[in-house]
Amino acid sequence: MKISTITKIESANTLIIPIRKDDKLEEELLKRAKTIDYSMEELSESFSAEKKEVLIVATPKKKFNKVVFIGLGKDTNSKDIINVFRSFFKNNKKKLSGEIVIDLKGIADLAELVANGISLAAYEIGMLKTRDAEVKTVFNNDSTFSFWITSNQEAKIKESIARGLATAETQMSIMGLVDAPSNYKTPQMMADYIQKSGKKNGFKVTVYDEKACEKMGFHALLAVGRGSVDRPAKMVVMEYKSSKDAKKVGLVGKGVTFDTGGVSLKPGNGMEDMKMDMGGSAAVIGAVELAAKLKLDVNLVGIVAITENCIDALAIKPGDVINSYAGKTIEIINTDAEGRLILADAVHYMATEFEPEVMIDLATLTGSCIRTLGHVASGMMTNNDKLATQLEKAAESTGEKVWRLPLWDDFKSELDSDVADIKNLGGPYAGATTAGKFIEYFTNEHPNWAHLDIAGTAFQKDEFSKGGSATAYGVRLLTQFMEKY
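Under our numbering, think of the first position of the sequence shown as 10, with each following residue one higher.
If a hint is listed, it holds; no wrong ones were tucked in.
Label pairs and their computed distance ranges (CB to CB):
1) Ile65 - Asp201: 43 to 51 Å
2) Asp201 - Met225: 15 to 23 Å
3) Met280 - Lys395: 37 to 45 Å
Calculated from the structure, these hints are not laboratory results. Computed from a predicted model, the values in this text were never measured in an experiment. In this text, a Cβ means the ideal position worked out from N, Cα and C, and glycines have one as well.
Build out the structure end to end from the sequences listed, making use of the hints.
Next comes the structure, spelled out in structure tokens:
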């Protein structure tokens, strides 16, 4: 989609006026009432600018067929702003048409977020539904979008629009990947997707197939994938380079394209959602893609370990002992604790072969984290206080929340094994933290590492889907982090 800028307006089919609920509310309402020749008294009585509040007014002047006031609320974060516009345009996509003008003169600083939210409203989760004819919406009915601004804002606003649209394009691609059924998203299909993105956006992609993984020594990844002999595991490395002196960041993602739990079978109720168990890898793919699009000044390596976790005669079993890329043996207590196994190989490979200055892994890892933080925030575990603060600031800026959980050594004994170097599951308590301690064991004692458990934030039930859908969590968070790091 395209969004243009205008500094003067003669007429438009729809004028949209977003208003913040702050100490300048009365002043802003007075300005807008004069613009549309409307009663200030009536406007202030009918509209208080609460978040997502919508007021449609008929005006005496015929410049606009429809004037819509949208409330932005008070003290809203950037994610809230995005969702205000995504929600409005999603709910009204069949009602809007023609020239649509959004008055941003009073909120020019939000241009990127507004563009992002409008664009995200076009995302459709029902990609596989059959339709007799294309449904006409504001996104395909020849409508035009314009941001009404002042002339001195134009250059900066155009840059903000481009960034907002580029971010939304990546987010929607990633959401489509996470929402795709597993039969449309095998490890090979994901590898193909990454290679296409690399060619399009300008980053290097190396795919290690099953034979190459065996040669490299990715034993833990291959062990998890043994239950899917016809859909073998992949390890994929993405490299984006900006300049010789740029800081080196390493991102690692869990990519389980479907998780049955393996021999430790999950309950049937809700298992269909396990198509989203590659949400960590999706965040990493999206972050690399967006870094390349925006030409961020960073040298970025992204590694995603991709496999299914299914049941077969060859599948790993509780009590088995497997090897790993680090050369450490792992006792399998529960085959449904598979994400940490594939991360063990990927994290150790990142730490030892690429030696990034900072390393962050993301995974839809534990139900424990959801029980702790719900679907509001991701669990953050790190051995570095400065890194924790940097991620918290990025989370505050983007609205993609994180909450720090402990990594105390008190939990290490939970993973002690009688028969191997470590076991893949601790006791019944503090499951998110013991999972973090397991991954820490394979970081090669990297001094600047963080683990984000995004089990509750990568896929949610919200107003944009009935049964749950992808959120693209992590794409904006990681991008903001890399820009400020």
